[in-house]
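**Q** Here's the letter readout for the chains.
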Amino acid sequence: QSRDVVVFAAASLKNALDDAAAAWMRDNSGRRVVVSYAASNALAKQIEVGAPADLFFSADLDWMDYAAAKSLIKTESRVSLLGNSLVLIAPKGSQARIDLRPGVDLASILGSDRLAMGHVNAVPAGKYGKAALEHLGAWAGVKDRIAQTENVRAALVLVSRGEAPLGIVYKTDAVSDPNVTIVATFPESSHRPIVYPVALTKDSANPEAVAFLAFMRSDKVKPIFEKQGFTMLSRAGSGS
Amino acid sequence: MILDVDIYHRQGGFSLEVRFQSDGKLTALYGPSGSGKTTIVNAIGGLVQPDHARIVVQGRELVDTKTNIVVPKHKRRIGYVFQEGRLFPHLNVRHNLLFGRWFTPSGERKASFDHVVDLLGITHLLDRRPSTLSGGEKQRVAIGRALLADPQLLLMDEPLASLDEARKSEIYPYIERLRDEGGVPIVLVSHSVAEIARLATSVVVLSEGKVVASGPAAEVLRHTNYFAQSGLTEAGALIEAQVSGHNAAYDLTVLQARAGALSVPRLPHPIGTILRVRLRARDIILSLAPPHGLSALNVLPAFISSIGDAEGASMDVQLDCGGDPVVARVTRKSVEELGLKPGLPVHAIIKSIAFDPEALGVAGQENI
Amino acid sequence: MILDVDIYHRQGGFSLEVRFQSDGKLTALYGPSGSGKTTIVNAIGGLVQPDHARIVVQGRELVDTKTNIVVPKHKRRIGYVFQEGRLFPHLNVRHNLLFGRWFTPSGERKASFDHVVDLLGITHLLDRRPSTLSGGEKQRVAIGRALLADPQLLLMDEPLASLDEARKSEIYPYIERLRDEGGVPIVLVSHSVAEIARLATSVVVLSEGKVVASGPAAEVLRHTNYFAQSGLTEAGALIEAQVSGHNAAYDLTVLQARAGALSVPRLPHPIGTILRVRLRARDIILSLAPPHGLSALNVLPAFISSIGDAEGASMDVQLDCGGDPVVARVTRKSVEELGLKPGLPVHAIIKSIAFDPEALGVAGQENI
Amino acid sequence: MEGLSPEEWTAVRLSLKVASVAMAASLIPGIAIAFLLERRRFWGRQALDVVVHLPLVLPPVVVGWFLLIGFGRRGPIGAFLAEQFGIVFSFRWTGAALACAIMGFPLLVRAIRLSIASVDRKLEDAAGTLGAHPVWVFGVVTLPLILPGIIAGMVLSFAKAMGEFGATITFVSSIPGETQTIPSAIYAYTQVPGGEGGAMRLTLVSIIISIAALWLSEWLARRVRRRVQA
Amino acid sequence: MEGLSPEEWTAVRLSLKVASVAMAASLIPGIAIAFLLERRRFWGRQALDVVVHLPLVLPPVVVGWFLLIGFGRRGPIGAFLAEQFGIVFSFRWTGAALACAIMGFPLLVRAIRLSIASVDRKLEDAAGTLGAHPVWVFGVVTLPLILPGIIAGMVLSFAKAMGEFGATITFVSSIPGETQTIPSAIYAYTQVPGGEGGAMRLTLVSIIISIAALWLSEWLARRVRRRVQA
Ligand SMILES: Nc1ncnc2c1ncn2[C@@H]1O[C@H](COP(=O)(O)OP(=O)(O)OP(=O)(O)O)[C@@H](O)[C@H]1O
Ligand SMILES: Nc1ncnc2c1ncn2[C@@H]1O[C@H](COP(=O)(O)OP(=O)(O)OP(=O)(O)O)[C@@H](O)[C@H]1O
Ligand SMILES: [Mg+2]
Ligand SMILES: [Mg+2]
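Residue numbers (the working numbering), protein chains in the order written: chain A, 51 to 290; chain B, 22 to 389; chain C, 22 to 389; chain D, 124 to 353; chain E, 124 to 353.
The hints are simulated quantities; they were obtained by calculation from the structure and are not laboratory data.
Using N, Cα and C, we set each Cβ at its ideal position, and we do this for glycine too.
Careful, some of the hints might be misleading.
[As the list claims (entries may be wrong)] The calculated EDC-like cross-link candidates involving lysine to aspartate or glutamate, where the alpha carbons are at most 20 Å apart (straight line), are: (1) C/354 to B/105; (2) D/245 to B/105; (3) D/245 to E/243.
[Said to hold, decoys possible] Computed Cβ-Cβ distance ranges for the label pairs, DEER-style: (4) B/139 to D/136: 55 to 63 Å; (5) E/327 to A/120: 35 to 43 Å; (6) D/168 to A/225: 41 to 49 Å; (7) D/349 to B/198: 54 to 62 Å; (8) D/136 to E/171: 28 to 36 Å; (9) D/258 to C/29: 47 to 55 Å; (10) B/80 to C/72: 57 to 65 Å; (11) E/348 to D/258: 44 to 52 Å; (12) E/320 to D/165: 48 to 56 Å; (13) B/263 to C/204: 53 to 61 Å; (14) E/199 to A/146: 20 to 28 Å; (15) B/136 to D/258: 27 to 35 Å; (16) B/329 to C/204: 38 to 46 Å; (17) E/199 to A/124: 24 to 32 Å.
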């Protein structure tokens with residue numbers, strides 16, 4: 051009787067991971083994958099106090115690093131599995147035309163309005179976004195006009211509802227929402243690579259978890275993840 | 022017609038079916054516990070919405086379920102002394118007393134705060150909360166609150182039940198004045214025949230939700246049998262008498278009634294004042310011959326007009342004292358031994374002392 | 022000593038300072054509103070913690086602040102009829118009545134539920150909620166609740182205030198029986214001198230938190246001046262008399278007292294029963310000669326033992342009727358006109374009708 | 124533990140403002156709706172009751188989302204209010220106050236309802252017989268008697284507003300100085316490794332504020348109760 | 124709108140279980156603490172009052188975090204309970220119930236306190252004179268009289284438990300079938316594209332459950348009130 055594989059995954063991975071898990075369970079009938087979706091930080095802290103997780107799938111590197119530093123994961127199993135890219139969006143029908151080059155002047159486009167993005171210290175997409183804006187020299191101009199959200203989806207909703215004329219979200223989120231248009235994509239060089247690392251937890255003794263992790267690294271899941279807009283990182287490896 | 026009440030109302034297993042009219046300025050409701058007195062008062066006050074009713078007070082139609090008239094209670098201008106106090110716990114005594122005044126048109130604020138407070142002996146309580154008052158103190162504040170609302174109709178549900186006699190006899194004259202001078206019709210619920218006899222101008226006797234008797238006080242009170250036990254002690258005739266003189270030496274006041282002169286303990290009323298005098302049937306001794314050497318000061322010559330049926334040991338002998346109807350309750354044995362029969366001349370003997378304050382009220386016009 | 026009370030207690034501006042002992046099985050507390058009656062009863066019942074007190078009931082020390090003894094109220098085995106009902110709103114009448122019984126040791130459940138319920142006339146109310154009861158019905162349930170707790174001490178704070186006379190005179194005999202047979206000491210607060218005269222064996226008269234008079238009922242009641250207004254009507258002598266015969270023809274009962282034979286309306290008591298008879302001072306007419314042709318059946322030969330001071334128009338004439346002390350209240354005018362003075366032989370005349378049920382109670386041993 | 128940074132002070136001040144305004148603004152509607160729900164039988168009463176409870180039943184994020192849809196710039200109510208009265212909620216502290224008020228509303232209403240239910244209707248009747256119009260009766264009898272419930276409701280509303288996070292951040296996001304309340308600031312700390320210190324600091328501030336608020340409310344309640352107790 | 128998926132049904136069932144257990148388990152301590160706070164003056168009363176209110180004042184995430192530290196497998200209380208009684212909260216539905224119970228506790232306690240405050244102490248005195256020991260008095264007089272408050276408290280506690288998210292997911296994560304309640308499931312839906320449908324579906328289920336709960340509570344309250352009203 052094999053135990054269920056328990057995955058602690060960032061909530062933004064839900065669609066992709068649900069599909070991947072379904073595919074794996076179809077292929078390996080009788081095995082089950084159970085995914086607990088929550089914020090990466092909560093998951094890391096939970097694993098720290100002994101949560102029964104086999105796999106930790108974080109939305110950014112910080113919390114995977116935290117787990118690694120606290121020896122909560124099997125370092126050798128860690129892999130940066132998925133990648134994403136960051137885009138600037140506007141409500142559908144927006145006339146905004148922006149070229150995200152160094153020195154870009156977002157502030158004048160915003161006027162008295164707000165730029166919606168994840169919390170710049172807390173939410174991964176926010177952190178990447180801030181880095182990118184800093185890189186482009188636009189941060190100083192907009193830093194007082196930012197509406198920081200609890201998660202990146204909330205930033206998407208703000209733009210989609212027309213509350214904010216601009217927002218910074220993942221491409222995966224932007225493509226799925228018909229009410230927003232992608233105005234521009236941030237150059238990859240403007241921020242740290244957006245990666246979703248996954249690793250086996252230290253306490254996991256479940257061989258099925260190893261198998262599921264292997265499955266997720268296989269080519270079989272590539273279409274599943276890419277369908278959700280993620281990129282499979284080919285250079286999957288130690289990934290930091 | 023001052024009061025015209027016709028109510029049909031069911032509550033639980035109890036059904037109230039009363040219809041009475043009252044010409045009196047003070048209508049007393051009398052009846053055993055649970056006979057529907059409070060329910061009637063509530064209907065008049067607008068606290069109970071009767072199933073069917075027509076209630077008219079001094080020409081004002083308060084309720085007529087036929088034509089769907091229901092004057093809301095806050096427009097009835099009533100002062101209601103509840104059976105259970107109902108003081109506002111969050112207001113001190115002063116503000117409880119003044120509560121109704123806020124809603125009285127300023128031109129109609131007649132009752133004097135100081136006078137009422139003084140009368141009720143609650144001056145020292147004005148700054149206290151109701152929760153710190155004794156039972157009787159609460160009741161007095163409740164009376165004051167109703168009086169100070171300057172109502173056009175005063176409803177009093179056993180207002181004096183837990184007051185001592187001294188306090189009661191201070192309050193009685195005030196109620197009499199309200200009745201006679203204020204022109205405020207009063208509905209009074211009371212278990213005390215003495216109180217009713219002193220104050221009421223009309224009486225409605227209730228039993229199990231029905232009217233047993235109703236009419237002018239003098240008439241209803243003559244029928245001692247309505248009043249069961251207390252009838253034995255308290256019922257009797259109500260006659261009118263005028264203060265004709267004061268005897269300072271003996272501290273007596275002499276009253277002149279049609280029945281004759283009556284000496285009673287000194288009264289404060291000036292000569293000429295018309296009083297209503299209660300001659301309790303139990304207090305009257307009959308004598309065949311004019312008595313001598315008795316301590317009783319009042320001897321009224323009379324003719325026996327009729328003798329009622331025997332009830333146990335006693336019979337009510339109705340007398341005609343110079344035109345005033347008086348009733349004496351004597352034993353059957355005495356009736357036989359003295360050979361009392363209609364037409365016989367007798368002497369009615371009454372002690373002066375029998376005229377306690379409850380027996381002597383001020384009579385307004387046509388109050389008897 | 023049945024009751025030994027010594028309380029010093031301040032509440033707000035009111036200070037209670039009472040000390041009295043009572044040998045009587047039924048101690049009545051009498052006094053104007055706000056004089057501290059309820060506070061005393063609360064202290065005995067354990068609802069008020071007095072500043073300083075020693076309260077002993079039939080040898081049981083309930084409170085002694087000196088030695089820090091305070092028996093908690095639920096261990097005092099009392100039945101308390103509150104001035105304001107205090108029925109449990111969430112229980113129907115039956116469960117209100119039975120409430121105390123749950124906590125009574127099963128061996129001591131003596132009061133018969135059916136009997137008490139029947140006596141109080143609340144059989145038809147058993148399944149009702151207190152909120153649907155009339156004022157008097159509530160009060161009767163409250164009385165029943167206290168009685169059915171089979172208390173070792175019964176505290177009654179104006180229990181009969183809003184009941185009609187008929188109901189009262191049904192309840193009196195029950196209280197008398199409790200007093201005489203049950204061995205349950207009773208503390209009764211009442212504003213009615215008639216009630217006190219009928220029931221009390223000891224009386225404590227209060228005024229402004231102080232004891233004005235206390236002692237056996239017969240003694241205290243003779244001093245009509247304690248009782249202000251109501252004293253005029255209700256005070257008088259209490260004497261003992263034995264049922265000596267019944268006169269079926271005239272529905273009379275003949276009592277034999279030391280003072281002489283008294284005819285009173287037919288009583289249910291068997292021959293030989295000892296009764297306490299109240300001779301109200303106001304009901305007694307004095308005659309120099311033996312009267313003839315009077316409707317009054319009772320004529321008691323007496324000597325004047327003393328004449329009290331004048332109070333307004335009246336004087337209390339103390340009589341010695343064959344050993345029984347009797348008091349007659351007559352006008353000063355009569356005293357002078359008849360030349361009444363100590364030592365003079367007179368005849369005390371009392372109507373049979375004057376002996377209403379309130380004037381005739383059953384006497385336990387040594388109850389007068 | 125170090126003192127608060129200026130930004131944190133800003134968040135604290137803002138939280139106090141938001142919580143106070145949320146509490147104050149929901150008071151009158153809270154009393155009115157409590158009265159309606161407790162005393163009147165009308166069509167849609169059940170529905171109103173459910174709506175009032177929804178902020179409790181639904182996850183705060185969903186409430187925030189509904190607020191965004193309804194009171195956002197493009198939302199029907201938001202657009203109307205902005206056009207007619209110039210009241211704008213989105214990205215304003217007023218929006219945070221609205222979110223907090225709504226999240227605390229069921230608590231406020233329940234507390235007041237309980238008090239209303241325990242008012243002795245006979246006292247209201249008595250006031251009526253003395254000539255007081257029902258509106259006056261409410262003002263001078265019912266209202267003073269339900270003060271304990273109102274105070275309790277205000278405490279709950281204020282406390283809830285101090286802790287409210289999900290609906291607020293979803294509705295008006297977290298803008299320092301405008302909508303970043305203490306909980307938002309705490310949230311940010313908890314999301315970064317090593318942020319516990321900052322989170323604890325602000326948590327402590329929250330606790331201190333709530334101690335003060337509770338102390339104040341107890342004091343008020345004692346005063347009021349002394350007046351009201353029969 | 125399609126029906127619920129099996130996982131969603133699981134979440135619904137779990138939520139009902141968690142909310143019911145949370146409500147039931149907090150009832151007795153809630154009554155006890157409400158009684159203590161309302162009736163007794165003891166050392167530390169103020170502190171207890173503050174502690175009871177904390178779940179309201181603090182952001183749910185912080186509460187969850189404290190729970191994680193205190194009641195986790197390695198937390199002092201959690202370890203003790205696990206060793207002594209075999210009660211384990213961490214990452215079990217029991218933990219979700221604990222989180223919900225604690226989050227609803229201030230609401231429950233306040234409602235009951237309000238009711239206790241409005242009980243006529245004279246009735247308790249009367250029961251005492253009739254021989255009832257204070258414990259009995261509480262049981263047969265006070266308790267029946269505060270039933271309206273208890274019911275209101277239970278409604279609030281249950282409703283709060285149905286909507287509780289932050290503390291729960293922080294404390295016991297969101298493991299399907301074990302700790303994934305309706306709010307956690309809704310949250311997960313809101314975090315991904317196309318999740319709105321699922322979120323709305325579950326929101327509706329929540330609303331329906333709360334309608335049923337409110338209806339039940341109103342029915343109970345009416346029955347009780349009829350008994351209690353003086
Ligand atoms: N908490 C309090 N603060 C101040 N005064 C009080 C308080 N409680 C009672 N009193 C006063 O104590 C006095 C005695 O009260 P108590 O209830 O014993 O009177 P009582 O003799 O029973 O009167 P009643 O016949 O009216 O019931 C009253 O004058 C009352 O005003
Ligand atoms: N809600 C109710 N359900 C059933 N019966 C009721 C209800 N309310 C009152 N009653 C009954 O109606 C009758 C009349 O009540 P009411 O209060 O008018 O009596 P009352 O004459 O004032 O008596 P009391 O002298 O005892 O105050 C009583 O028998 C009472 O039990
Ligand atoms: Mg009545
Ligand atoms: Mg009293």
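**Q** With reference to the structure, classify each hint as holding or not holding.
**A** Now the hints, each set against the structure:
{"no.": "1", "hint": "C/354 to B/105", "result": "violated, 45 Å"}
{"no.": "2", "hint": "D/245 to B/105", "result": "holds, 10 Å"}
{"no.": "3", "hint": "D/245 to E/243", "result": "holds, 15 Å"}
{"no.": "4", "hint": "B/139 to D/136: 55 to 63 Å", "result": "holds, 57 Å"}
{"no.": "5", "hint": "E/327 to A/120: 35 to 43 Å", "result": "holds, 41 Å"}
{"no.": "6", "hint": "D/168 to A/225: 41 to 49 Å", "result": "holds, 46 Å"}
{"no.": "7", "hint": "D/349 to B/198: 54 to 62 Å", "result": "violated, 39 Å"}
{"no.": "8", "hint": "D/136 to E/171: 28 to 36 Å", "result": "holds, 29 Å"}
{"no.": "9", "hint": "D/258 to C/29: 47 to 55 Å", "result": "holds, 49 Å"}
{"no.": "10", "hint": "B/80 to C/72: 57 to 65 Å", "result": "holds, 59 Å"}
{"no.": "11", "hint": "E/348 to D/258: 44 to 52 Å", "result": "violated, 25 Å"}
{"no.": "12", "hint": "E/320 to D/165: 48 to 56 Å", "result": "violated, 34 Å"}
{"no.": "13", "hint": "B/263 to C/204: 53 to 61 Å", "result": "holds, 57 Å"}
{"no.": "14", "hint": "E/199 to A/146: 20 to 28 Å", "result": "violated, 55 Å"}
{"no.": "15", "hint": "B/136 to D/258: 27 to 35 Å", "result": "holds, 32 Å"}
{"no.": "16", "hint": "B/329 to C/204: 38 to 46 Å", "result": "holds, 45 Å"}
{"no.": "17", "hint": "E/199 to A/124: 24 to 32 Å", "result": "holds, 29 Å"}
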